[in-house]
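Take the given structure of chain P and dock chain S to it, following the hints.
Number of protein chains: 2
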Amino acid sequence: MVIERNRKNPLIIPADVKPSREDFSVECVFNAGVTRYNDDIILLLRVAERPIQTDESKVTVPIIKEVNGKFELQLISFDKNDSSCDFSDSRLIKKNDEMYLTSMSHIRIAKSKDGINFDIDETPFIFPQTQYEEFGVEDPRVTFIDGEYYINYSAVSSKGIATNLVKTKDFKNVEQEGIIFPVENRDVCIYPEKINGKYYALHRPVPSMIGNPEMWIASSEDLIHWGRHEFLMGTKKEGWESGRIGGGAVPFKTEKGWIEIYHGADKNNRYCLGALLLDLDDPTKIIARSEKPILEPEAKYEVEGFFGNVVFSCGVLCENECVKIYYGASDEVIALAEISIEEIYKLLNV
Amino acid sequence: MVIERNRKNPLIIPADVKPSREDFSVECVFNAGVTRYNDDIILLLRVAERPIQTDESKVTVPIIKEVNGKFELQLISFDKNDSSCDFSDSRLIKKNDEMYLTSMSHIRIAKSKDGINFDIDETPFIFPQTQYEEFGVEDPRVTFIDGEYYINYSAVSSKGIATNLVKTKDFKNVEQEGIIFPVENRDVCIYPEKINGKYYALHRPVPSMIGNPEMWIASSEDLIHWGRHEFLMGTKKEGWESGRIGGGAVPFKTEKGWIEIYHGADKNNRYCLGALLLDLDDPTKIIARSEKPILEPEAKYEVEGFFGNVVFSCGVLCENECVKIYYGASDEVIALAEISIEEIYKLLNV
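Protein sequence lines, in the order shown, are assigned to chains P and S. Residue numbering for the first sequence follows this note's numbering, starting at 16 and increasing by one per position. Residue numbering for the second sequence follows this note's numbering, starting at 16 and increasing by one per position.
With the rest of the complex left out, here is chain P (with noise of 0.2 Å):
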C-alpha cells in the first residue's frame, strides 16, 4: 500500500493558532472538516484551549454557563488541595457528581491554495454558546449539498455527547439546524446528495448498558430529522479495531462505491484509519471493509503528543483520483496524507 505522509507534516500545531484571549493558551489544534470554498481548501480546525495557569496551587478551568439567559464563558478554580476533587485524568476534574474539561474546544477556520500552507483565522468561528456546549465544540465535519455546507459537531455538556448541525453559505453567517442525534452520538458523517430520493449520514451511538461504540447509518429528506436507523459495522474481537469504531471523514464517490474513511480504536486506544466501500445505490449495504489500517500511529507527532498513538480524520478531499487525508495526530496537531484511489480499491480487494 502506498499512503504517503507529507514532507511538511505535522502541517499547523498550537503554536500556530492565536488563543481566543488573551489569558488562553492553545494546546491542540487537531481533526478538522474539509471542503472547497469559492478558490480555497478550507480546515474547519478543532481547537482546544485553557486558561493559562497563574495560580500553581489552583486549577482554573473554562465553562459555558447561563447568566440571565445568555450563555456566556466562565472561569471556575478548583484548589489542588482540595480533597473533594479528583485531579488525577489532566484532561478532566471530578467533583462529587459533577465533571469540568479541563480545556474547551471550539472550530476556526484555516484557509490555503495548495493545500500545505494555511492562513488560519485570529478569532473562532464557532464558539460554544448553548447548554449543550458547556464544555465545547469538536470534532467538525462539513458536507456541502445544494449551495449550503452543512456542519456537524460534537456538542459536549454535562448532559453529555450530542451531534448538533449548523449550515452556512459564506462561512461567515451561521443558521442553527439544532440537535441531530441526541446523546450519546458523535462521528455523524453526512453523504453529500441525495441516493435514491433521501440523504444519509453515518453515526456512532455509544450504548451504556449493553453494546459498544459501533457504526450506524440514518436516512433524513431534511438533513434536520433522521429515521430508519439501522446497524452498519461492528468492532471486531480482535485487533486495531477491537475497541471503538466509527466515522471519519465524509464519504465521497467513486464508480465502484462510496468510500469511507472511517477510524477504528483497540482496547489501548491506539487509533487508525481503516476505508469502507458501500453500495452506490444503498448506502447501508457494505461492499468491502478494509482488513489492515490505510493509516496507523507510525511517525513521531502521531505515536507522541498530548494523547499519543492516534491517527483520527475529520475529512478529506478527493479530486483527481487522489485522496488528501487530513487528519489529527496524537490529539495535537494536523496532518496530511495522501493515497490514489487505485491503491484504496487494492486496499480492499475491490
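In case anyone wonders, no lab produced these hints; they're calculated from the structure. From a predicted model like this one, the values you see are computed outputs, not experimental measurements. Any given hint could be a false lead.
For chains that are exact copies, the list does not tell them apart, and a pair is met inside one copy or across any two.
[Claimed, not checked] Calculated cross-link-like contacts (lysine to any residue; reagent style SDA-like; alpha-carbon spacing at most 20 Å):
| # | residue 1 | residue 2 |
| --- | --- | --- |
| 1 | Lys110 | Val76 |
| 2 | Lys252 | Ser173 |
| 3 | Lys126 | Glu334 |
| 4 | Lys95 | Asn24 |
| 5 | Lys252 | Met114 |
| 6 | Lys73 | Met114 |
| 7 | Lys209 | Glu236 |
| 8 | Lys268 | Thr299 |
| 9 | Lys209 | Asp294 |
| 10 | Lys213 | Leu238 |
| 11 | Lys33 | Ala314 |
| 12 | Lys126 | Phe159 |
| 13 | Lys361 | Asn188 |
| 14 | Lys213 | Asp237 |
| 15 | Lys251 | Pro34 |
| 16 | Lys126 | Asp31 |
| 17 | Lys315 | Asp31 |
Frame of chain P; chain S shown alone:
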C-alpha cells in the same frame, strides 16, 4: 392526594397468560401500553417468558438468531459449572464479552369492556423478529393518530436498547417503520396530535461517558424521522427521582396543558410515578413538575416480586376527568390506580 388502587389489583398476573410455546413459562406480565379500540380497552402487555428448565446442571435461555437470512427463536444452554460464565445476576448470563438474557419479552393483546377484567390473547401480537430484537421487545406505548395506532417499544439486542416503531389499524396487521431512536434510548412517548404543525415525542437516551438517564424531547413531521432534540428535564440531587427519570404514559391533553405520567427511580432503583404539566402549544416547556410521587410502591405486589419496589406505567386512559393509570408492579404483574385530573392539578399546584 387521592389516588385509588383498584381493589382487584393486581389485575393480571403471569398465571393468567398462556405461554407462547409449551416448553416456556410466563414469568412476568407488566408495563402495558393502553388504548381504546372499537368498544374495547386494549392493553398491550409485555410478557416475559423463559424456557422451562429441565436439566438442573444447565441454564437454558431464549435468543433470536439469524438462520439463512431469517430470524428465528433458538434455545442456548450454558453449563452451570462453566467457569467462563457469570450467573450471578438471575436476569442475565455473561460469557466472555457476550451477554444473554434469561427471559425474553414479547407483546400480547388483552381486551376488556370495563377496564378491569381482561381477555388475554393466547398468542403473541408482536414477537421479536429482527437483529435489533435478539433479546426481546419491551415496554410498548401506543398512540392513536389519524386512524392508525402507532406502537413504539424497546428493541433489545447485543447492539443495545433502541426504540422501534410499528403501526397498525386493526391490531392484526402490523407495518414496520424502523428504529426511530437508536441505542441507547427507551421510554419514548409520542404525543397524540400535531402541535403547531409538528409531532413531538419524549425520549430517554442513556449516555455512556458523561450525563445521566434523563428526559429529552424531539419533533417530527412524519413520526418516522426525528430531529430538533432538546433536553427536557433532569434527575434531582436527592430523593425519589435522583437516579434516573423517563417518560411513562403517552401524554394526554387537559385544559391546563399536556399531562405526562413519568417514572423516576432513586439510586436504589426504587421506581415511582410522577406527574408533569407541559405547555399546550409548546410541549418543550414545563409548566409544573410534581415534587412528590403520584404513586409509589406501597402495596404488597408493588414492594415484593420479580424486581420489588417498582411501579412503572406505559399508558393511561383519561376519560370523564378521571385518569386510569395502568402500571407494572415489581416488574411482575399489572395493576390499576385511578386519580382525577383535579387531584393531579392539586399535586402540581396549578
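Original post:
For this structure, which hints from the list above don't hold up?
Top reply: 4, 11, 13, 15
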